[in-house]
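Using the sequences and the accompanying hints, generate a full structural model.
One line per chain: the protein sequences are A and B, in this order. Residues in the first sequence are numbered from 1 upward in steps of one, following my numbering. Residues in the second sequence are numbered from 1001 upward in steps of one, following my numbering.
Everything labelled a hint here was simulated from the structure, so no lab data went into it. The hints are all genuine.
Simulated pairs of lysine-lysine, DSBU-like, Cα-Cα distance not exceeding 30 Å:
no.: 1; chain 1: B; residue 1: LYS1372; chain 2: B; residue 2: LYS1352
no.: 2; chain 1: B; residue 1: LYS1444; chain 2: B; residue 2: LYS1019
no.: 3; chain 1: B; residue 1: LYS1352; chain 2: A; residue 2: LYS305
no.: 4; chain 1: B; residue 1: LYS1444; chain 2: B; residue 2: LYS1398
no.: 5; chain 1: B; residue 1: LYS1372; chain 2: A; residue 2: LYS305
no.: 6; chain 1: B; residue 1: LYS1351; chain 2: A; residue 2: LYS305
Just so you know, these numbers come straight off a predicted model, no measurement behind them.
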Amino acid sequence: MSGTGDLLKGAAPRTPKAPSGPKTGSANPLVAMSQNLRTSGIYIAFVLVVALFALLTDGLSLSPGNITNILLQYSYVLVLAIGMVIVIIAGHIDLSVGSVVALTGAVSAKIVISGGQPWWVGILAALAVGLVIGAWQGFWVAFVGIPAFIVTLAGMLLFRGLTFYVLDNVSLSPFPAEYTQVSTGFLNGLLGGYGYDAFTLLIGVLAVVGYAVSQVRTRIARTRYDQVVDAMPLFVLRIVLVGVVVMALAWQLAHSRGLPVVLIILAVLILAYSVVTRSTVFGRQVYAIGGNLAAAQLSGVNVRKVNFWIFVNMGFLAAIAGVIFSSRSNGAQPSAGNSFELDAIAAAFIGGAAVTGGIGTVRGAMVGGLLVGVISNGMQLLGLEQYLQQVIKGLVLLLAVAFDVYNKRRAGGR
Amino acid sequence: MTDNILDMRSITKTFPGVKALSDVSLSVARGEVHAICGENGAGKSTLMKVLSGVYPHGSYDGEIVFDGQVSQFQGISDSERAGIAIIHQELALVPFLSIAENLFLGNERKGRGGLIDWNRANGEASKLLARVGLDENPTTPIGQLGVGKQQLVEIAKALSKDVKLLILDEPTAALNDTDSEHLLGLLRQLRTEGMTSIMISHKLNEIEAIADTTTIIRDGRSIETFAMAGEAVSQERIIRGMVGRDLDSRFPDRTSNPGAEVLRIEDWTVRHPLQDRLVVDGASLNVRAGEVIGIAGLMGAGRTELAMSVFGRSYGRYVGGQLYKAGTPIQARSVQEAIRQGIAYATEDRKKYGLNLIDDIKRNISAAALDKLAARGFVNAQEEIRVAEDSKKSMNIKAPTVMSLTGKLSGGNQQKVVLSKWIYSDPDVLILDEPTRGIDVGAKFEIYTIINRLVAAGKAVIVISSELPELLGICDRIYTLAFGRITGEVDVADATQERLMSLMTLEKSTATTGTSTTLDDTQEHPA
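Rendered as structure tokens:
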């Protein structure tokens, strides 16, 4: 790593760049990549894993049906991982989300299936329960000062118990058709089918254009503020790469059942929370608290308030996951959501979140979650035995965090 | 021919960029109480760390002869085995374990089969406690004892290890008068038993009362060693040795032109967060626009505690006191409120309390005034970069870009980031706690220049510093703080280091403030 050498000296002389024209980083993608191994490592690993399973399954893993399947099957873990990475950045943990998924799904099922209320009443009730749970846990963590590990461990038992109570220990099913649309619905045929779904492709095109426009705007803004930007070839390459991947995904989906509703929900959440973590005062304060609690406090961050809202938000997202999961399983079971918290936590850590807090991204957690999803799915396709699947998932998590710790040590941290 | 138990010869210890000890020599005669005096940061603790092996042999130059043997300690365990015990200011006891368990921690009294023989342990503990004059049950948890008694347990622990040289680092700093008196009595008693002690202390009256010999350390050098007996050595004599240093042109010129009062602190009183003792006791001071005031005080005087308590009650428990901003009473019950009232506090420990070391320069600079960069909760990242670039240029922060991690900067540059943060919050009063600690001379000059720029712009600046020359070089007025009380206010024109030092070491004359730990039950023991 040529970059760190200079950084370590701190006061290393740096030749000023010519003021004319935008400052650009290295034009060599390999150099740029290695300079940022910590953040880009997960993407490289993801591409390698996808390629590996595509090879092992003779392309089956990349088939339209299977890609759709992975997205549907792991959507709720990804929703949980969005909230979890924020919790982890602030230096906490949440062990209760699996139970919250079960309880919110159970409340919704009780209202819709047993109570005969319309589907949207069930969803609203589930979200309300999630917010109340979040406020409850936020209260204990933020205002009473009990470590989140304990509060959410208690919550894990508490909300599982309440799930049993609400469901009277029996499963409830089925939901009305509208409710199941949340997870199993597809938007297709809106623009007619030609053997593929044109609407899905249109959305794909819009997504790529949107990405390109936002990248160009950022680049213009950075140049105006005289900041370093990627060299033009690298910049174009990145947009083209993202475009190809997104369009390939859209193409495959279009040839399956079209655009899953849940993918739209997920995309909205990811976009929204990426902005929240990156560009809002709240997001900044989350990173500040996790990076150095005392310094954040002495810089005027209202630590209690921020911690409280972090958990309210986690409860809200767990409720969304609860709705998606109950919709997908078309009912509520007392044991729903078991060990989801572990998948969500693993996604955040594999996606580069630091165990000590202060570091992590929503994007990383999503790729981390998908990585676990692709590995699990691939192993299922290959028909690996259950025990082996667990062993491999465990090792992936361990190695991902070891990689993080190793990187930090090499970077000269403690 | 004197019988020296310890000879440290020409000890030189360098840290990257700093010479902490330079050719220091220390000779301690067997059976005496030897006091080491010096300002904060003079090198006393470093010298003791060299002696005890915290800095292993080879990491310093010079020679240590202990008890007739050339010693090359590789770690604390080596020096302990040789018979050296250090009792630090922060006690190293486990609060939930009993006295006996603490006494023999790592040195357990084992019986048959390698199991701990508790009867033997408690029995031996009782004897040790009697020796230090502490009448407590060995099974009592340490946490139930006051600080004074804990100190005695530490000494008992050292005695259990067959110690030949006992080193006490500021043993009475946290003790009230009764406990201090008892501790000194114990040292005298141990001396009659033939124990040699080294005592690092700021309390000159105690040194005068107990020390046989005093060595003065200043700026990492051993200045002089003199016997306390014979001709009467006054406290002034020690003070002269501690500060005897000339002001030179290490400070940028400035013209002082103070305006109206900006902040007044009245009768500020703060209690220790855990112990029942006042850390700041009725402190009052004021600062005007365009003025730099200094707060001088030795370790444990309550300087940082006063500042942090004023800054949104970030330290201890607020007991009383009122803040006035431009004559109007104000409240600053939280850091947010304090910042809103235009108060800024740059901490003495920038790594622990000042910076998010795993984040970059720009986000550290914007941390205290993020709202200024945000519209409806969204941070303008480009504007943030521009702000950081401006600070980087005006403060001369040496870093590749404002995206560099603050953890990788040098101390001086980290300090400039902390200052940038608070300057960007646009305060009226800046409290700078040890703004030049641990940074090199060049960077110090830059910090002084920045301070001058701030007061020229009409800000009020309060500087807390352990370095008296620094205060004399940059302040208009200097308050001295001793044992939580303001003991003096000196105009810089009338101030000398000697005068300040004697005010800083002024013992409280009125009622004692520390009422927590009384050792009444131990008073019948010989003292």
